[in-house]
Amino acid sequence: LESIARDMGETLRRTALSVNVKERLDYSCGIVDAEGRLVVNAPHMPVHLGAMGDCVRSVQAEIEPCPGDTILVNHPAFGGSHLPDLTLATPVFAGERIVAWVVNRAHHAEIGGTRPGSMPPDARSIDQEGFIIGHHLLVDQDGAVTFPAMPGCRQLEDVRADLLAQVASCAQGARRSCRARR
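For the record, in the sequence shown the residue sitting at position 118 is 118 according to my numbering, with numbers rising by one throughout.
Some hints here could point you the wrong way.
Label pairs and their computed distance ranges (CB to CB) [said to hold, decoys possible]:
1. C178 to H82: 29 to 39 Å
2. A149 to P116: 16 to 26 Å
3. R97 to R24: 17 to 27 Å
4. A123 to E35: 16 to 26 Å
Treat the hints as calculated values from the structure; they're not laboratory data. Remember, it's a predicted structure, so these values are computed and weren't measured experimentally. All C-beta atoms, glycine included, are put in the ideal place defined by N, C-alpha and C.
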């Protein structure tokens with residue numbers, strides 16, 4: 001299982017566009033169980049991993065996912081750390097039942113807000129940091145990608161490219177997790 005999480009990270013690093021992911025390696029990948037408890041993580045940025053189970057539990061409380069779905073979250077009330085850390089969660093099914101989730105979190109350099117870089121030191125409210133996403137179905141069971149509104153984002157195409165890299169990472173993790181169960 002650890003090799004799956006490591007490979008998810010390598011896929012994310014290789015396919016991402018941003019310096020934050022490709023060079024700074026500011027991302028984390030892991031697998032959580034059906035209840036959102038961490039099973040395994042790759043040794044990326046462990047600070048991210050503590051809250052990823054909270055993201056999964058918040059997703060499960062709001063969305064009934066289908067096989068192939070990937071949900072995007074960055075809101076701190078739903079397990080996000082700070083807004084530039086965008087978390088993706090993809091359920092792994094055995095028949096009709098979710099048996100695990102593959103998750104990743106990557107730090108995006110620009111998600112809007114009052115200043116470039118999305119981390120204004122003088123912010124007094126969360127929305128000054130950038131766009132906020134509670135639970136957004138980024139990829140549906142048919143593979144259709146629907147990006148959320150990202151108001152004020154100064155590097156929209158870069159964020160979208162890195163989100164697609166995160167999707168590829170989760171898809172690979174889900175495929176390998178299914179094979180590991182056999």
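Range hint compliance [Cβ, A123 to E35, 16 to 26 Å]: violated, 34 Å
C178 versus H82 beta-carbon gap, inside 29 to 39 Å or not: holds, 32 Å
Quick one: are R97 and R24 within 17 to 27 Å, going by C-beta? violated, 37 Å
Given a hinted range of 16 to 26 Å, is it respected by the beta-carbon distance of A149 and P116? holds, 19 Å
Of the numbered hints stated above, those contradicted by the structure are hints 3, 4, listed in ascending order.
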